[in-house]
Each structure stands twice: as structure tokens, then as C-alpha cells.
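Enquirer: Residue strings, one per chain:
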Amino acid sequence: MARYDYQLIERLVPDGASVLDLGCGDGELLEELVRERHVRGSGVDIDKAAIEACIARGLSVFHGDLDEGLANYEDGSVDVVILAFSLQQLRRPRIVVREMARVGQLAIVSFPNFAHWQVRGQLFFSGRMPVSKELPYQWYDTPNIHLCTVKDFRELCRQEGLRIEHEHYLKSFDRPAPDLRQPNLTARIAIFAVTRLPAVTE
Amino acid sequence: MSDKGKQIGDVAATFEADTGSAGIVKTRHVTVARPPDVLTLECGRTLGPVSVAYETYGTLSEAADNAILVCHALSGDAHVAGFHAEKDQRAGWWDMLVGPGKALDTEKYFVICANVLGGCGGTTGPASVDPVSGEKYATSFPIVTIADMVNVQALLLDRLGIPRLLAAIGGSMGGMQVLQFAVAYPERLHLAIPIACAAYQPTQAVAFNEVGRQAIMADPDWNLGEYYGKGRRRPDKGLAVARMLGHITYLSDPAMREKFGDRPQEARDYTFTFSADFEVERYLRHQGVSFTGRFDANSYLYITKAIDYFDLARGRVSLAEALRGTRSRFLVMAFSSDWLHPPYQLKEIVTALRASHRHVTYYEVATHYGHDAFLLEREKMEGVIAAFLNSGIKSFGPLGSQER
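Heads up: the protein sequence lines correspond to chains H and U, in order. Number 138 in the numbering used here belongs to position 138 of the first sequence; there are no gaps in the numbering. Number 201 in the numbering used here belongs to position 201 of the second sequence; there are no gaps in the numbering.
Just so you know, not all the hints are guaranteed correct.
Not the full set, but computed from the structure, chain U residues with beta-carbon under 8 Å of chain H [as the list claims (entries may be wrong)]:
(1) P254
(2) T351
(3) V384
These are computed hints drawn from the structure, not numbers from a lab. In this text, all values refer to a predicted model and were calculated from it rather than measured experimentally. Glycine residues also receive a C-beta, built at the ideal position from the N, C-alpha and C atoms.
Isolated chain U, as found in the complex (with noise of 0.2 Å):
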């Protein structure tokens, strides 16, 4: 997932007219996996207790069956709508789909949202202080994976008295997240929505991933992860290198050329320096700074490692068989111009989801604003969305009466 930005901000502006912000909203914290029932994570370690960090919107009904659990991306955190305070610029991440009004709307459906694990928005992950040492955890955090961070999830919809989700729905990590939590938990959950993502981590996702690590890894301040302590500096270089490759692998040739320009040099005169001439440099530059200000690098490490052994059918014959056990109806959404995750790979879960005779729909967003179009393209998403929750509330049935 990508910064917002200022494109974000502009979406923002104009539809606030016609539906509501959630409004002031506050992180709140919850304690699970305490020991002796501490989590085994897929790597065969344990890890406990773990706090999660989420947000809920909205009223969870009394029959708890208007639940929607959205999943954020790489860099995105459980504040998915709506403001921290008063005097807060800028919205949650999601704020373009969740609100009142909204296709998640918030006046029907009881949204949540929590910090994954081995993240940096409040859950457990690597600056979290380990229990046993008293120290931060930095690189003796375990590695953990999408299938970890989502049993987290369920642990925590177990707190909160949800037995079943009628949907869970995310973009990027957060739809491979969905896709996990449908094979992991398929009578937890009718309608899944799984946004720009795959199956699991192609060649090229994890080759950006590689670069992006080795940028933070080849940071001297970065010293092997153990950067927590007083007085010692962060490797926030690093970390931006890793942010601004990232961020091109979110645009596209169209979005960039909308973005700054058919040709660069036309813009300004050249300072025959190695200064930021051009202003993608500039934009990102000051993306990858700005990344460093509210994400930890070792936490991008981990996390970028969750994606890259991402792969559902691992173990198995094939992802149709993979997928032969989920109970939920999906809405699989690609965007045309998306090239860390493009069409292909989503009509892939498709057509897996077909051969196993599940309950699947496709769409296909046109879109020139690339794998960060599922942060920006609000009116191409909403209606079918809605719509698709909507027909689910009409099928979600008692436990046991999924679909076959």
C-alpha cells in the first residue's frame, strides 16, 4: 500500500458532500494469546502474549452478523477511516470506502480493522518489548506470515464476540490476508473481497521486496536490526530507498505521465548537479522521508518477508484444491493498469475458485492509476462493492448453511 497522499485528500474533498465521516475515532489495544495459550506460528516458534492493535465503526448487531473485517496493505495500520482528533489533516487510509453512506457503510456494518502482526501501528512486532529478555525483540522477533498475522485476526474476533464475519475485504497484502482467513476459517466467513493481490508472491513482487530489504539491510544505522536503543540513529535511509522503490512499483507509466509530465526535462532548467531536478524525484524523495516518520524498519523487513512466502497452495496439489474447502462467495477486483499484481494473477484465484465450483465474481477496474489504484479509485469500486455486501446480507444464512 502506498502513502495517500495528497490524491487521497483531493478524493476525499469531494465526496464528504454527500456521505459522512466516521468521525473521531481511537485505536484501541487488546490482549490475546496470553501464555500457557501462546500462538505457534507457521515457523514452529511461539509468540505470546500479543497485542492487538484495532478500530471498530459503527454498531456490531445484536445478532453479530454485520461484521466486516478489512485488512491493510504493507504499510497501512488499523486506522482505516475517519480522524484521531479534531485538528487531524488527514482521514484514515480507507476513508474513501468507509464511512456513513460510504459502500462500507458504517451506519449498517460494524467495520474493524487491526494492525497486523509483526507491524508497527500498535500490534506485537519487532519493537515490541519481548516479555521474557525485558529488551525490545528488534531481529530475534520470529518471522511470522500472512497465515500468522490472520490467526491473530480470528483471536481477536473471538474477543469481541464475533463468531462469523459477513465479509473481510482488503487490497495488496490486505486481500491476501482475505484469501488466507477464507481457506484458514471458512465458517467464519460468508462474503470475501480479496483487491488487487495473488494467490501468492510472484518473481517480480519479490524481487522489489529483495531490493527493498537489502536498501534498509545495507544501511549502516541498521546494524543488524538492534537500532532501538538511546542515542543510537534509525536507518531511516534505508528505509526510504526501500519507500521510494515501493512507491513506483504502486503508480504506472500513465499514472506517472498524468503525474509530472509527459517529459520531465521540459519542466525546469537543469542544475547540472545531482540535486532533485525533476520533480518525481522530488515527490519521491519526500515520500520516502516522510515514510520514515511513522514506520519502523524492521518492521518493513518483516512484513515484506510475510508477503514474499505468501503462497496458498503451498503443500498442496494445486490452489483449486486449495480452495476447494472455503464456505464464503467471492469478489475478486483487479485493476487494468496494475503491475506489481495485474489482471492475470487475479483471474488466477478466479479460475481456481471455478474449477473448485465456488461462488465467485470478477471485475475488472479500467484504471491508470496502477497497483495504488484500490486507494484511489472510489467511484469504480463502490457500487459494485455495495452491491456485493448488500446481496450478502440477504444470504447470510445461520452458521452451516454457507454455500456448498
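Excised from the complex, chain H in its bound form (with noise of 0.2 Å):
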């Protein structure tokens, strides 16, 4: 497989496992890991493009916004939920997050780090937003309209009372990367893979 946030992904997906994809794009991930890992796996997806290549792969799928892909899931009904580089383009992360945790026993989210130096050095030096292989955009037609750091992310998982199993970070879609000190800086992409606290009773 080219990316390796995917490859990441499946070393955190259990075999057999119950998957569903938020955001499956033409399914390239699900059916990775329908073959590597033999998950029962299902999509969700808004655009009718994605939509026929999924059908192809013969995977399941759903035309659909993506908190109605979560809608109608009992809690802990699904073995692993992905968001794959699609957070930042929701117009409800939060609530997103939120109910990825509940329905699923792990919950990973992938992200671009908004607070790479580079990003960082870009709006510093150049005073306008950021343009880069993972925010390939321009401010007024980018889809990726909540944009937020390794940092942001820790703190979201504390105020949902999410615990971080797994974080993985990279310095390019295509390369494995040593392990880095201060994320933060230095990834430009951050896989997490958190999982509901148990509510604390008295």
C-alpha cells in the first residue's frame, strides 16, 4: 500500500474486526483492510463518485453525511471506527469524535498538524495561510474548514473523557518516519486511536 497513515491504521485494526470507514473516499482503505485484516467492513461517503467505486470494490457503503453514517448505532456496536483525514473538513468535529466513541471500541482519527514549523513559518514569514502537500488549498476553496493541531487534539480528548491508546505521527503520506520528539513541531500528520473512558459512577 502507497500511504502510510494507511499502513498505520491497519497495524491498529484486529483482525476480523468490525470497521466503519467515515468519510471512504473510493474505499481504498476499506478494502485494504477487508484483504489484510479481514474486517466486515462498511463506508460512508457524501459523493456519488466514491460511492460507484466502493460498489465496484464490492464493499458496503452509505450515501450520506457523516454524522447520519453514525446516527442509529448502538454504543460499542462496532469494533473500530476511522476517520481518515476527514476531521478537519467536518462541519461537527466534536459532536463527530464524540459519537465515533461511543459507537465504536476504538475510535482513530487522522488529521494534518496544523502546527508543523512549516505551517507555523508560512503564516510567520509570509503573513498569509498556509499552502502545503496536506492543505493543498487555498484559503477560499479549501474544504478543510476546522483546522487543528496535535495539541487541540489532546485537549479534545481530555474534555470528551477520551483516553489515547495509540499515537502515531508522520512527516510525509508516503514515508515511515523515526520516532519524532515534540509532534507538535514536527508531524505534519497525526494518527490517533482513543477510546471512551467508562463513566465514573459514585
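Hints are included, so try docking the two chains, each in its own frame, into the full complex.
Expert: Given below as C-alpha cells:
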């Protein structure tokens, strides 16, 4: 598989698990998980071409909004819920992450880290909205409306009562990375696997 | 289902160029449920023999693994594609999807469509002769259900030597049959494609059907259903009104605006009479009258009643439980402007299938055409359907190898 972030996600998915992939696109990751991890997978996407591509791959897919794709699932009814590089495009990312952790035994979220030093540098030195390989859009046509940083996401997990089980960082989609020190400064891509903490009882 | 009218014809003309027609086809008949092996209906009564009118397209493979059953809607019949004669002006009701090179590619698949039990397109119904009395059944015909219709289709498949279908597909009442088939014959269906339907007939749709039935029964010519005799007049007025009402529910506000303009009052001078001033009036009157030429009023009563009785979850804890025993892969298709079966009703099916861990894909077509879209939106439907059927060929294993 070409994309290294997909490989890292794949390693987090147990063999034979049930998987829900939010914003599955053309189904590349999901198909890989079916083949390599023998998962019982299904995807959600809003795009017609994506739905056709998923059907052609023999995948089960829901045509609609991500929030809608999560509703009606019972608590903990799916082993792994994945949101691969779509967090920043959601209208209500906090609620989706909360719902992912409710529905999934494990929730995996990957996103571009907006605090990478080059992003900071672009904004600082040029005074213009950063454009990079991971964030290739101009400010006016970007689908990325809710960008965050590694620190931001950790803080969200704390607020939502989510335990971070794994965190991985990459410098690019197609290259493995050594352990990154200070990932909020050095990582372009972050992958978090979180679980919901059991409710505190008296 | 609605009259194909000129819209379908227009669509047909545009794609004839790149894909072929199913050509000249013939409706055939087979008799099933011969006594003593009569059919026991859901209402408890028995029926037999039953004549089934059906058409087939393409060739059944040696392994009998390429068969697709098309289920028609309220006013449909077995004539799904192609023409009955050279001079025929009008192709079958789903010609846009069925034929060589089309989504249901008759060069690859063996496509079957049968007129439903209770219908008037050649299959046994209220206008058929009761072999016991020698008279036409009329309202002595038993009340039939979607489950009964599907049981007859299964008997037809037995006769055609098809143990298991690659797919069953249909819109509206046809979609209900697809769902019923998947529940009643889980081992016999690999791909289920219910379109623009629901797992139960919703209240608003029952309400429309009831007005249609009342229109027929209020026509003095209906005569408690006994109108088949010589010199008797048929309840054409009532049937036409029922059809007019039905037609409204198959369209939508945007579809009417597109078809008849935003302000009908602008179009012409008033006559200051009760004649049809507006195009929509003339259109509906024409649809109503032309319908009486090809449909039997009693069949309209029986079939709408069958639709209204439909509820997959009836007698079960939940819809999810009803669907748990299915073994098919599902493609559930909705149309954004359909107000007879809005998308939420199809999503209910999807939710229940997901709760039962079934393999299900949901696809929503963005369209202005309302319920009728399933007869019109060729381009928005064909890619998804073709891809789904194609993926099904790969996963169509031997009997017993289906989804868990």
C-alpha cells in the first residue's frame, strides 16, 4: 500500500474486526482492511463517484453525511470506527469524534497537524494562509474548515473523556517516520486511536 | 408506478444510440399451483391453478447463475423492455435499464419479469375465470398480499429451473417484493435492489390508496365489482380519478413546475367554465382516461390493498429482526424529491439491515422527478446498479456460501 498513514491505521485494526470508515472516499483503505485484516467493513461518503467506486470494490457503503452515518448505531456496536484525514472537513468535528467513541470500541482519527513548523513558518513569515502537500488548497476553496493541532486534539480528548490508546506521527503520507520528538512541531500528519473512558460512578 | 408517457420515450430516444433494444419480445404463460398443490394465501384461503404471464430477456447460463428478477410496480406488467411488435411505438416500462449494454445487460444477464398475482396483465387476478364457478372471480377473488405475489414468482423460478437469483430489483411496489423475496427466500437471492419503497406502507400512502379505491367504488358502474358481463359498463370514471390522484403522488412540486410552468394562469385565456383550462388538468385527465384502456379497476383495488397490507416487520419484534435471516447483499436506492416514499423510509431499511450486520449499500439520487424518478433517471441510476450487479457476479458463490 502506497500510503503510510493507511499502513499505520491498518496495524491498529484487529483481525476480523467490524469497521466503519467515515468519509471512505473510493474505498481504498477499507478494501485494504478487508483483504489484509479480514474486517467486516462498511463506509460512509457523500460523493456519488465515491459510492460507485466502493460498490465496484464490493464494499458496503452509505451515501450521506457522516453524522447521519453514525446515528442509529448502538453504543460500542462497532469494533473500530475510522475517520481518515476528514476531521478538518467536518462541520461539527467535536460531535463526530464523540459519536465515534460512543459507537466504536476504538476510534481512529487522522488529521493534518496545523502546528507543524513549516505551517507556522508560512503564516509567520509570509503572513498568508499556509499551503502544503497535506493542505493543498487556497483559503477560499479549501474544504478544510476545522483545522487543529496535535495539542488541540489532545485537549479535545481530555474534554470529551477519551483515553488516547495510541498516537502515531508522520512527516509525509508515503514515508515511514522515526519517532518524532515534539510532534506538535515536527509532524505533518497525526494518527490517534482513542477509547471512551468508562463513566465515573459514585 | 406511473405511465411512462412521453418523458420515457424521450429518454429512450437519447440512449438508443449507444445501447441496443431488447428487440421483439413475447409474453409467455405458465400455469403453477395446479390442484392439489394449490397456493395457500396469507389470508388463509387457497388459490389454484394460477396462470403467470412473464417475459424473459437474454440467455440463462448453463449454471443458471445469471438470472435477475425484475419486480414491477402497481400499474406495471411483465413487459419490462423491448417491443411486442415491429410497429410498436412504446417500449417496455423499464427499457431504459434493460437491454443489450444497459445496466441490466441482457447480453450478460437473464432477465425475468412476471405480472403480479391479482394483476390484469395476464397473471391470474379478479378478471380471470374461477375454474370452480366458471365465472370471472370479480370480488370473489381472495385478497392477496405482497408475500403471495412473491410466492408465485418463486414458483415461476422453479418452473424456469432457477434455484437462486443473482439479483432481484424493483421500484415502489416492486421494491417491496424484492424485500419480501429476500426475507421469504434468503437462500435464493444474492443481490437485493429495493428502490423508492419502504419496509411497510406508510400512513400517507395508505391514505392516497384509500381515496383511489373509494373513487372506484363510488362509481355506480363498479357494481360491487360485478361489471365484466356483456353489455356492462366498466367503472372507468372511478378508475380514471384513482389514476389521476396516483399520478400526483408520483410527481413533485418541482417536477410540476418544470413540466407545466410556475404559474399555470399565465399560460392561456380563461374559459370561465369547468373545462380543463390548465395543462395539468388536461394532462391528468389524459393519464386517467388512457389508464382505463389498459387496467382493470378490480385489479387496482386488489393490488393497492396488497401494498397497504405490506409490513415486513408484522408479527416480529422489529424490522431488524425480520431482516436478520436474510442472506443477500442489499443496494437500497432513494430519490431526494420522492414524497410517496421519502429517503427516510429507505434509510429505515438500511438502519435495520446494519443493525442485523447485513451487507448493505445506500444510495440517494438527487432529482426533481419525485417518485417517478425510478422510471426516468437512467443516467443517475445505471452506473450504481451496473457496478453493484458486476460486484455480485464475483461474490456469487455456490448455494450456502452467502453472507453470514
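Enquirer: Which constraints among the numbered hints does this structure fail? Numbers only, ascending.
Expert: 1
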